[in-house]
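Participant: Each chain is listed here by its residues.
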Amino acid sequence: MAIGAGDIVTPSRTSADYTTGYQAQPLQIGVCDAVGVGDNRDVLWADGRLEMNIDEDALDALSGGVSQTLKLAKVVELAINPNLALQPSPAYDGVVLGQFRRNPAGAGTLGPDRVQVKLLNSRAYYELPARDANQLDDR
Amino acid sequence: MALTDGDIVAVYTGFNSRFTPQPAMFGVYKLHLASRDVLWMSGLQTTGISAGTSLDKIADPAAAGQATIGKVVQIAPPTVSGVDVQEPSAALQGIAVSAYSRQRNGAGAEVEFVLVALFGGGWYEALTSVITVLDDR
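Taken in order, these protein sequences are the chains called R and H. Following the numbering used here, the numbering of the first sequence begins with 1 at its first residue and continues without gaps. Following the numbering used here, the numbering of the second sequence begins with 1001 at its first residue and continues without gaps.
This is chain R alone, in the form it adopts within the complex (with noise of 0.2 Å):
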C-alpha cells in the first residue's frame, strides 16, 4: 500500500518528540493528483495549489471514522491534561467538526478515529484521539 492517485491526504504529523495536538489551523486538506518516481506525490491542495514531488513519508492519508459518531457536530470536553488529578477545564470545551482516521504515508495502518475541535474560547484547533474527546450531552 501508498499513497495513490485520487487519495485524500494531509500533511503527517507523526512525531516522536510533538504529540501535542494544537494546531493554529483546521487540518489542510489535498488530493493526490499523480503518483511520482520513487515517493514523491503531486498534491493539489484545497486552496488550489498544486505541489509537485512531495515525499510521501511526509502526507498522511486520510480515511473516514469507524464509528461516525456521536461526537460529529457536538461540544467535547478535551480530556487531554496529563496531570489526571486535574478536571479537564470548560474554558478548553470545543465543537467537534471532524472524525477520521489517519493513515501515515498509506502504508496500510489505519490509526484509531480521531476528531478536529474547534475551541470555543480561542480562534484555535485541536486534533485528538476521539477517545480523549467526551461529548457533553447537552451542548
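Just so you know, these hints were derived from the structure itself, not from any lab. Glycine is no exception: its CB is placed at the ideal position from the N, C-alpha and C atoms. Some hints could be false.
What the hints assert, rightly or not - Some chain H residues close to chain R (C-beta under 10 Å, calculated; not the full set): (1) Q1045; (2) T1053; (3) P1077; (4) G1122.
Following the hints, complete the assembly by docking chain H onto the known chain R.
Facilitator: Same frame as chain R, now just chain H:
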C-alpha cells in the same frame, strides 16, 4: 461526461462535510494543450493537473439548497442507528451564504452542499441533508 472548458470547479476533497479555513476555492477550468489548467478566483492559475478526478464540477443545487441561502441554519449531528438522537449544538449555527452541487470530474452523482459562515468564526461546507433552517431567524 467529463469536465469541459468553462466549467466552474473546486478541488475534490472527499469528505462529505468539512470545516474549512476559507470557503471552497472555485475556479474556471480549461483544457489547454492537453494540460488541465484552472484559473482560481483568487487569480492564481494552476497548470498541469494530472487527473480530472482531482476536481469537482460545481453547479446550481436543487431548490431545497437554494432556499437556505441568507438564512440562519443549524448543522445537525448525524443520526446513528440504535443510538438516541442527539440535540444539535448551538456551537454550529451560522448563515448559509451559498449552495451548490459537486460532481467529481463532471461525471457521476451530484452531491449538494450548503456553505455556512459559522457565528463562532470559520466556514463549514455541509451536506444539504444535515442543514436545518431556523425559521424565525
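Participant: Can you verify the interface hint for H/P1077: is its Cβ closer than 10 Å to any Cβ in chain R?
Facilitator: OK, holds: H/P1077 within 10 Å of chain R, min 4 Å.
Participant: Does H/Q1045 pass the interface check with chain R, least Cβ-Cβ distance below 10 Å?
Facilitator: Holds, about 9 Å.
Participant: Identify whether the interface hint at H/T1053 stands, where standing means a beta carbon of chain R within less than 10 Å of its own.
Facilitator: holds (5 Å)
Participant: Minimum Cβ distance from H/G1122 to chain R below 10 Å?
Facilitator: holds (6 Å)
Comparing the model with each numbered hint stated earlier shows that all of them hold.
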